[in-house]
Amino acid sequence: MLEVQLSGSLRDAAGGAASIHINAATIRELFRKIVEQHPRMQASLDEGVAVSINGEIYRDDWAQMIPEGAEIFLLPRIPGG
Amino acid sequence: MTPDPKYTKQKFKLVGTRPLRPDGLDKVTGRARYGADISAPGQLVGAILRSPHAHAKIIKIDTSKAEKLKGVKAIITSADLPDLTNGDRGMLDILENCMARGRALYDGHAVAAVAAIDAATAKKALQLIKVQYKKLPHVTDVDEAMADDAPLVQPHVRTRGGDSDKPSNIVSISTFGHGDVEAGFAKADVIIEKSFKTEQTHQGYIEPHACLASVGPDGQGELWVTTQGHFVFRNTCAALLGMEIAKLKVTSSEIGGGFGGKTHVWIEPVALALSRKANRPVKLVMSREDVFRASGPTSSTSVDVKIGAKKNGKITAAKATLRYHDGAFPGIWGMLGAMTSFACYNLENVQSIGYDVLVNRPKVAAYRAPSAPMAAFGIESVVDMLAAEIGMDAVDFRIKNAAKKGTRASYGPTYGPIGIGPTLEAVKNHPHMRAKLGKNQGRGMACGFWFNFGGQTCTDLNIGVDGTVNLAVGTVDVGGARASLSLIAAEELGIPYEQVKCNVADTTSLGHNDMTEGSRGTFSSGMATIFAARNAVEELKVRAARTWEIDVKHVEWADGQATAKGVMHSNLSPLTLTDLAKASPNTGGPIAGHSESVADGAGVSFASHICDIEVDPETGATKVLRYTVVQDAGMAIHPDYVEGQFQGAAAQGIGWALNEEYVYGADGRLQNPGFLDYRIPVCSDLPFIDTEILEIPNPNHPYGIRGVGETSIVPPLAAIGNAVSNAIGVRMDHVPMSPPRILKAIKEAAAAEQEVSAG
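Protein sequence lines correspond, in order, to chains A and B. Mind the numbering: the first sequence is residues 625 to 705 in the numbering used here, read in order. Mind the numbering: the second sequence is residues 20 to 778 in the numbering used here, read in order.
Incorrect hints may appear among the rest.
What the hints assert, rightly or not - Calculated pairs, DSBU-like style, for lysine-lysine (alpha carbon to alpha carbon, straight line, at most 35 Å): (1) K25/B with K657/A; (2) K28/B with K642/B; (3) K657/A with K423/B; (4) K642/B with K657/A; (5) K455/B with K763/B; (6) K142/B with K185/B; (7) K296/B with K142/B; (8) K333/B with K268/B; (9) K28/B with K419/B; (10) K642/B with K520/B; (11) K657/A with K185/B; (12) K213/B with K455/B.
These are calculated hints, taken from the structure and not from any lab test.
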C-alpha cells in the first residue's frame, strides 16, 4: 500500500487530506484508483499532475513503475519560462 | 518507449567543446527570418483594436463604417470566435484573452480585429469601429484585489483551497511544507519577520509577437510564427478554431527572445480567424506598446517571510505567505512561488502559502523560472538579515542550512543528488568574495532554485548519400540548442560537428514536441538525439553487415566507422559513415534514425550569485560593479551557450531588481508601455558577468545534462537587494530598487535615526 502525499490544491480536492493510501504498481493505476476513491480529483488530473517517485518527478510517463514502499508525492504540473 | 536514460559516465570527444553556432552567420548578417520576416502572395495586414479601459462592459461594437472602407477585407469580434471549448474553462480563458467576450478585463484587451490591404487602411478601419463601453470598477493591486469589497474580475471564480463559496478574486490558496512551524519558532533564539513587494515586469524580448496566417476554404491552414512551441500553438489554435490538427501546419520562425512569454497564444488565433474570413493570408505583428499592454508579463507580488534560527546558525522554522497576481485570468503563479520559496534549504519545520489573485491587468505568463525570483527576494533577504543578527557569515549560514541529497524538499519530495551545497562552496571560495570594496559599495549574494522538466519529444536524424547528417528536432532553439544538439549527434555517430546540420522542423514533419520551456530544450531533445543517433548506428551496422555479407552481430561501431569483429573478418577494411551513406541506395535505401520519447527525470537546478553594487547616496543611482554566477549544469554540452544562459538570466534579473516596473495609473491604464519608460538594462549598464559552471551529473540523462536556462534569474533580485542594503546600511524591501526608491529608503532611515537621537 502506497502513502500518496498531497499538497497545494490537490489536498482540497481530496477533502483536505494530507495523504491518501492506494495500492498501485504504475502511475496509470495510481491515477485510476485515485479518481475511484476521490472523484473530485479528476479535475486536478485533467489540469495536469506530476508524480514524484522517490524524489524523481514524472509528468508524462504513466507506464512508470512504482516500487513497493516508494515515497510518492502528487504535485501540480509545473509550467516553465 | 524511451530507452534507458540513465547516466553512464560516457567519455566525450566533442561534447564540452565550443564550436561556432550554425545559426550565427544568418543572425549577424540579417538573413535569419524572424516572425515578421515572411510574406505571402495576396497578403493582408492585420490590426487589433484594444480596450482603453481597465474594466468595462462592452455594450455594442459597431463595425459598419469600417466594413465599408475600401481595402478592408475582414473584421472580426468575439462573435467570429465561437466557444468550441466544450466546457474546458482553461481553453475558454485563452480564447477570451485573445478577444474580449462581453467585458474588457484590462487596458489593452483585444475587442475587435481588422484585415486590410495595407497598414494605413487597417489603422483607419480600427478608428472607424465604434465600441460602446460601460466602465466598471477596477483593481490592479494584488493586496487591494484580495479585499472583500474589491471589484470582481471574474465573477465565476471561487477560491480553491479556501473555505468560502463566494465569488472572489482569490483563485486559489496553496499550502506546502512539513513539520510544525510554531514549535520550530518556539525553539529559535532569533526570529526575523519582514514583508516585501516586487513590481510587475515583462520578459522584454526584443522581437514582438508576429505571425503570418493562411487558412483556405478547404479547412487547411498554415501559420508562420515566432513561438517557443509550434506544436503546442498548433494544437491550441486548431482547438480554438475548430480545425483538424493535421490540417494546420505551423512553422516556427527564428525567435528573438521569449523567456516564457512566447509559450502562450496571443494574436495567432485572431490572425487565423481573420485569414479564414478574408480567404487571404494575414500578417499580424504586435507593436511594442501592444506587447507591453496585451502579452503576458510576470506577477507583481506581496510577500511576508518569517524565519527563526538558533544562535549556532541552524534554522528551526521558516514560513512565507506569498500573494501573486495572475492578471485577469486564473493561473498558478502564487502556487509556484510557494513551491520554490524554501527549496534551497534543509528545514524540519517549513510552511509556504501561495495566493493566486485576479486583477485587471494582462494575463500573466511564465517568465524564466516563473515566480521563483520574487519568492527568493524575500527569503534570501531575511536569510541575510538572520545571519547578520546571529553574527555569522551569510555564506556559511546558507551552507549550514543547505539542502542536500536525502533532504525533504519544502515542496514535498526527497532530493536526489543536487548542487546547492557545491554552488555555495564555490561562492565561498571565489576570489570575488575576497575583493576589496570601496566607499558606498556593498556586496550581496543569494541562491536560487528551479525545477526543470523534460516532456514529449520527437527527433529524426537523416543521413545523406554524401555522409552529411540532417538532424530534425521539434524544440525551438532559443539559446544555441542547434549547436549543442549537433555536437551530441556528432559525438554519437563519431563524425565531425561540421558534418551535422540541425533544423527545427515544422509540425507536419515530426511527432508532437512540447514547448521549449522549463529549461527542457537541450535536456529533452538532447536525449532524443542520442537515441535517434543510436538508432541510426544500428542501421549503419546492418548496412555494413550486408556489404560484407556477414552477420550483423559481428559488426561494431566506433569513431564513425563500422569494423568487423573477430580474426575471421580481419581482412575486411572498416567502413566509415560516409562509405555506408554513399552505398546506401543499394544496401536498403536511406539511412535514418528516429526517437520519440517522454523525457522525464530532468532533475532540479540550483545557482548561487555574488554581486557588488555602488550606490550614489545623493541620487540613489546604482552601478553594478561586478557580478558572478555559479550554477550546476549537470554536463555543459556547449559551454559557450551554457555561460550565455547564465549571463542572460542574470542580466534580466539585474534589470528586474534595479529598474523594470509596470506603472499603472489610478485609471487602471498602463503608463509606460515602451522601452523609453520601461527601462531594461543595456550593455553599458552591465559589467561582464563572470560564470562558473559546476557539473554534477543528472543521473536521469545519458550525458548527465540538467536544464540551465532559467535558474540564474532567481538569485539576482535578492543578491542585489543584499548588496544595496549592505552599501547603504538600510534594508531594501521593494523591487525594483530604482533610484527614487533607494533615496527614499536612505532618507527615511536618516530621519528615523535623527528621531532616535533627538528622543
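Structure-based check of each hint:
1. Under the criterion of a C-alpha separation no larger than 35 Å, the hint pairing K25/B with K657/A is consistent with the structure, at around 29 Å.
2. Annotation: proposed proximity of K28/B to K642/B is violated, straight-line Cα distance about 43 Å (limit 35 Å).
3. Restraint check for K657/A and K423/B: the C-alpha separation of about 33 Å stays at or below 35 Å, so the hint holds.
4. Between K642/B and K657/A the alpha-carbon distance is near 57 Å, which puts this suggested pair outside the 35 Å criterion.
5. About 28 Å separates the Cα atoms of K455/B and K763/B, which keeps this hinted pair within 35 Å; it holds.
6. As the CA atoms of K142/B and K185/B are separated by approximately 43 Å, the hinted pair breaks the 35 Å bound.
7. The suggested pairing of K296/B with K142/B holds, with an alpha-carbon distance near 19 Å, which does not exceed 35 Å.
8. With a CA separation close to 57 Å, the supplied pair K333/B and K268/B exceeds the 35 Å bound.
9. A C-alpha spacing of about 30 Å is found between K28/B and K419/B, which places the hinted pair at or below 35 Å, so the restraint holds.
10. Of the supplied pair hints, the one linking K642/B and K520/B is violated, its CA atoms being roughly 42 Å apart against a limit of 35 Å.
11. Between K657/A and K185/B, the direct Cα distance comes to roughly 31 Å. Compliance with the 35 Å bound is thereby established for this hinted pair.
12. With a CA separation close to 30 Å, the supplied pair K213/B and K455/B stays within the 35 Å bound.
Checked against the numbered hints given earlier, the structure breaks hints 2, 4, 6, 8 and 10 and satisfies all the rest.
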